Amino acid sequence: NAGVTQTPKFQVLKTGQSMTLQCAQDMNHNSMYWYRQDPGMGLRLIYYSASEGTTDKGEVPNGYNVSRLNKREFSLRLESAAPSQTSVYFCASSRTSGSEAFFGQGTRLTVV
Amino acid sequence: EDQVTQSPEALRLQEGESSSLNCSYTVSGLRGLFWYRQDPGKGPEFLFTLYSAGEEKEKERLKATLTKKESFLHITAPKPEDSATYLCAVRGPLPRASGGYQKVTFGTGTKLQVIP
Numbered sequence: 001n002a003g004v005t006q007t008p009k010f011q012v013l014k015t016g017q018s019m020t021l022q023c024a025q026d027m028n029h030n031s032m033y034w035y036r037q038d039p040g041m042g043l044r045l046i047y048y049s050a051s052e053g054t055t056d057k058g059e060v061p062n063g064y065n066v067s068r069l070n071k072r073e074f075s076l077r078l079e080s081a082a083p084s085q086t087s088v089y090f091c092a093s094s095r096t097s098g099s100e101a102f103f104g105q106g107t108r109l110t111v112v
Numbered sequence: 001e002d003q004v005t006q007s008p009e010a011l012r013l014q015e016g017e018s019s020s021l022n023c024s025y026t027v028s029g030l031r032g033l034f035w036y037r038q039d040p041g042k043g044p045e046f047l048f049t050l051y052s053a054g055e056e057k058e059k060e061r062l063k064a065t066l067t068k069k070e071s072f073l074h075i076t077a078p079k080p081e082d083s084a085t086y087l088c089a090v091r092g093p094l095p096r097a098s099g100g101y102q103k104v105t106f107g108t109g110t111k112l113q114v115i116p
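Order-wise, the sequence lines are chains A and B. Oh and the first sequence: position 89 is 89 in the numbering used here, straight run, nothing missing. Oh and the second sequence: position 78 is 78 in the numbering used here, straight run, nothing missing.
Just so you know, these hints were derived from the structure itself, not from any lab. Any given hint could be a false lead.
[As the list claims (entries may be wrong)] Partial selection, computed: residues in chain A whose CB lies under 10 Å from chain B:
{"#": "1", "residue": "GLN6"}
{"#": "2", "residue": "GLY16"}
{"#": "3", "residue": "TYR64"}
{"#": "4", "residue": "SER67"}
{"#": "5", "residue": "CYS91"}
{"#": "6", "residue": "SER94"}
Small disclaimer: the values here were computed from a predicted structure and weren't measured. Every residue gets a Cβ at the ideal spot worked out from N, C-alpha and C, and that includes glycine.
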C-alpha cells in the first residue's frame with residue numbers, strides 16, 4: 001500500500017549542479033503534481049500533469065523541467081540548481097485534475 | 001486571484017480543550033474546499049472535501065463546516081496525537097480547455113499543539 005513514493009528524501013547540491021527527483025504512484029491516478037513548500041508561503045505548484053502525455057507549468061516553474069514518463073511516474077529536474085531552490089518538494093497525485101490529492105513524503109533539498 | 005487565509009497561525013490547546021481553526025477564502029466559482037493534516041517531516045494527508053455552503057463532514061474528533069466565505073475545522077476534546085499543521089485549500093472553476101488543470105490554492109496552515 002505504497003501510495004506516492006518519491007526519492008530521494010534528502011539532498012544537498014552545490015550551486016550549478018543538476019539533479020532529478022523521482023516520483024511514482026500506484027493508485028492509477030490520472031493527474032500528478034510537483035509542489036514546493038517554503039516557510040510562510042504554503043504549497044506552490046511547480047508543474048502538473050493533468051493526464052498521461054501532458055505537462056504544464058504551474059505557479060513557479062522557472063528553473064525546473066518535468067517528464068511524465070508513464071501513468072505512474074512523474075519526475076522533476078533541476079538543470080542548474082540555485083540557492084533559491086532550497087525547499088521541501090512534494091509530489092502528489094489525484095484521480096482527476098484538481099480532486100483530492102495524495103502526497104509523497106517529501107524531498108528536503110538544500111542548495112549551497 | 002484566488003486567496004486562502006488561515007487563522008490562527010499557531011494554536012496551543014490543553015488536552016480536552018475544544019477549539020476551531022478558520023479558513024477564509026476568495027475564489028471565483030468554488031468547486032471544492034479541502035482540509036489536509038501535515039505532520040512534521042511528512043507530506044499532507046487528505047482529511048475532507050466540502051462542496052457547498054452548509055455542508056459538514058466529521059472524522060473522529062474533527063468536524064469541518066463550510067459557508068460562502070469560510071470554513072471551520074472544529075476539534076472536539078483534542079488529544080496530543082491531533083498535534084499537526086492543518087492546511088486548507090480551495091479548488092477553482094473548471095478549466096476552459098478539456099483536460100486542463102483545475103487550480104487548487106493552498107493556505108499556509110495552522111500549527112496545532114495539544115498539551116497533555
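Does the closest beta carbon of chain B sit nearer than 10 Å to the beta carbon of GLY16/A?
Status violated, d = 28 Å.
Minimum Cβ distance from SER67/A to chain B below 10 Å?
Hint violated; SER67/A Cβ to chain B Cβ min 17 Å, cut 10 Å.
Less than 10 Å between beta-carbons is the criterion; does GLN6/A satisfy it with respect to chain B?
With a minimum Cβ separation of about 8 Å from chain B (threshold 10 Å), the hint on GLN6/A holds.
Against chain B, run the beta carbon of TYR64/A and see if the smallest gap drops under 10 Å.
Because about 16 Å separates TYR64/A from the closest Cβ in chain B, which is outside the 10 Å limit, the hint is violated.
Verify the interface restraint on CYS91/A: the C-beta must sit less than 10 Å from at least one C-beta of chain B.
With Cβ-Cβ at 8 Å, under 10 Å, it holds.
Taking the least C-beta to C-beta distance, is SER94/A closer than 10 Å to chain B?
The hint holds - SER94/A has a Cβ within 10 Å of chain B, the shortest such distance being about 9 Å.
Going down the numbered hints, you'll see the structure goes against 2, 3 and 4, while the others check out.
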